[in-house]
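Build the full structure now, drawing on both the sequences and the hints.
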Amino acid sequence: MKDFMVIFLGADYGEMGLSPEQIQERMGKWFAWNTKMREQGVIKSGEALLPGGKRIAGENRTVTDGPFVESKELIGGFYIVKAADYEGAIKICDDFPDYDLGGVVEVREVMVFDQ
Amino acid sequence: MENKLVDHLFRHQFGKMVSILVRIFGMQHLETIEDAIQDTFVTALKSWKTQMPENPEAWLTTAAKNRVVDLFRKINSEQDRSIKFQSGISSIGISEMFLDHQIEDSQLRMIFTACHPDLNPKDQIAFALKTISGFSPKEIATALLTPVDSVKKRLQRARKTIVSKNIEFEIPQGKQLNARIDRVMEVLYLIFNEGFHSSKKEILLRKELCGEAMRLSTMLLKKETLRNDKLYALFALMCFHTSRLESKIGNDNEIISIKHQDRALWNMQLIFLGNDAMNNAVKDNYEFSSYHYEAAIASEHLRAESFKSTDWKIILKWYRALFELQNSQGTLLNIAIVHLQLQEYKEAKITLDSIDVNGMAQRSYLYFATMAEFHHSTADTKLALENIDKAIELVSNKFEKKHFEEKKAEYLMRNI
Chain E
1 MKDFMVIFLG ADYGEMGLSP EQIQERMGKW FAWNTKMREQ GVIKSGEALL PGGKRIAGEN
61 RTVTDGPFVE SKELIGGFYI VKAADYEGAI KICDDFPDYD LGGVVEVREV MVFDQ
Chain A
1 MENKLVDHLF RHQFGKMVSI LVRIFGMQHL ETIEDAIQDT FVTALKSWKT QMPENPEAWL
61 TTAAKNRVVD LFRKINSEQD RSIKFQSGIS SIGISEMFLD HQIEDSQLRM IFTACHPDLN
121 PKDQIAFALK TISGFSPKEI ATALLTPVDS VKKRLQRARK TIVSKNIEFE IPQGKQLNAR
181 IDRVMEVLYL IFNEGFHSSK KEILLRKELC GEAMRLSTML LKKETLRNDK LYALFALMCF
241 HTSRLESKIG NDNEIISIKH QDRALWNMQL IFLGNDAMNN AVKDNYEFSS YHYEAAIASE
301 HLRAESFKST DWKIILKWYR ALFELQNSQG TLLNIAIVHL QLQEYKEAKI TLDSIDVNGM
361 AQRSYLYFAT MAEFHHSTAD TKLALENIDK AIELVSNKFE KKHFEEKKAE YLMRNI
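Same order as they appear, the protein sequences are chains E and A. Residue numbering for the first sequence follows the working numbering, starting at 1 and increasing by one per position. Residue numbering for the second sequence follows the working numbering, starting at 1 and increasing by one per position.
All the given hints hold, so there is nothing to weed out.
Pairs of lysine-lysine residues, derived as DSBU-like cross-links and limited to a Cα-Cα distance of at most 35 Å, are as follows:
hint	chain 1	residue 1	chain 2	residue 2
1	A	K222	A	K165
2	A	K308	A	K408
3	E	K44	A	K46
4	A	K46	E	K54
5	E	K36	A	K65
6	A	K138	A	K160
7	A	K222	A	K283
8	E	K29	A	K152
9	A	K46	E	K91
10	A	K152	A	K46
11	A	K65	E	K54
12	E	K29	A	K65
13	A	K138	A	K398
14	E	K44	A	K65
15	A	K153	E	K29
16	A	K46	E	K36
17	A	K207	E	K36
18	A	K207	E	K29
19	A	K398	A	K259
20	A	K160	A	K122
21	A	K46	E	K29
22	A	K138	E	K29
Far from chain E, some chain A residues (derived; all Cβ distances over 10 Å):
hint	residue
23	T32
24	L71
25	D276
26	A321
Partial selection, computed: residues in chain A whose CB lies under 7 Å from chain E:
hint	residue
27	L45
28	K46
29	E139
The hints are simulated quantities; they were obtained by calculation from the structure and are not laboratory data. All C-beta atoms in this analysis are idealised placements derived from N, C-alpha and C, irrespective of residue type, glycine included.
Now the structure itself:
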């Protein structure tokens, strides 16, 4: 089994004007996905990220305020999941709830260094 | 971890929070308030993705409270004097506003404000669905079969009127109270009927509208100073109708008439609840209202074991009483239909002839369909066909149209 980082991009709910009922429906889908992954034991960890943020760059450690990219490319959060290969990881992402809102999932394999 | 949210949690929470915050900050800030609540919901959606809180409702309430603090800070930092507390509410009183009984009180105030006589009736319904029930303009538009833009206009007009006329955010007292409760009941009745009677809606949406009307009625009934026999009768009526909702809609979303409904699908629990409410509606010095009669009619249908054993005589009596009270053309038509069921053709014809078809507007096709049925029953196929053709021409719902076409075929069969 390998670890994969599943990164969620786009779909900024704040700008979409979802109704309370739609928010609830959306949340139900996230819970369902989360529960499924837990039951299958494939999820290792995950976090949601707030919009905004800071960026530090240059020798002077210059700090700039976010956001840094367009909202459709904004990283909203990530999970670390276990899968045999990319194919397995992609299958896990089948239930990602926000495809219909233009959300994108990026799957990256976590590198393992030889000891 | 329990992964299921209470149905409509966000929608109901939205209604609660709007009411509380309006009570604290005033109606003139309604839009800011709605945006702020929306923000807390979006935050919840994001942060709950990985871990749902143990008590989502409490989480949302705390988040809303924090928003109040945010708005406070806004006053201080931006010197925004446009945001002020309503008189009589101090910062100490704010926490109290979030207690259960105060939340309900705020929501009742919102219901009564939405039904203020200065507001246009159509605006009242849209405004109530938005601020009390947490429907979005788009959802309201779908529910009321109205373009989104007109819903938005109605909401805007309602907000403006409330602010410009300085309508108090309160439950009126004394004489005013009775008149206002009557209007509140009318609005609830209309919301309910939108759900129950429109044939153009998805079953889900129908259930939601009926459910909202019932939820708000229950909220009123809980308050001793507000409940009265009319309100009980209205609630009974809603229970009786809703008990048939499942059996009323077929697989293709078509309307199944009571004659062909599967009576085993009727919801007994709701019928019991309705009976209970009806008992309360006829206690002490009650006065018969249209809700009483309509509930009595609905209950009579539920009592019959089969369509055949329906007691049409009693139903006729209630319809007549209802007509005395309301003088509505629709009720007259129902009286004619009952006469047909009783095979009292002479009376049916007299009643049908007294109906002002123009007064029935979009429902005039029902008049022609009934007229057709009368002529069919009295073996006048030519007139039966003439009338059913008119009904087919005027009806817009495709399932009803299909039903009339089947009727027409039946009439033609007779001719052969």
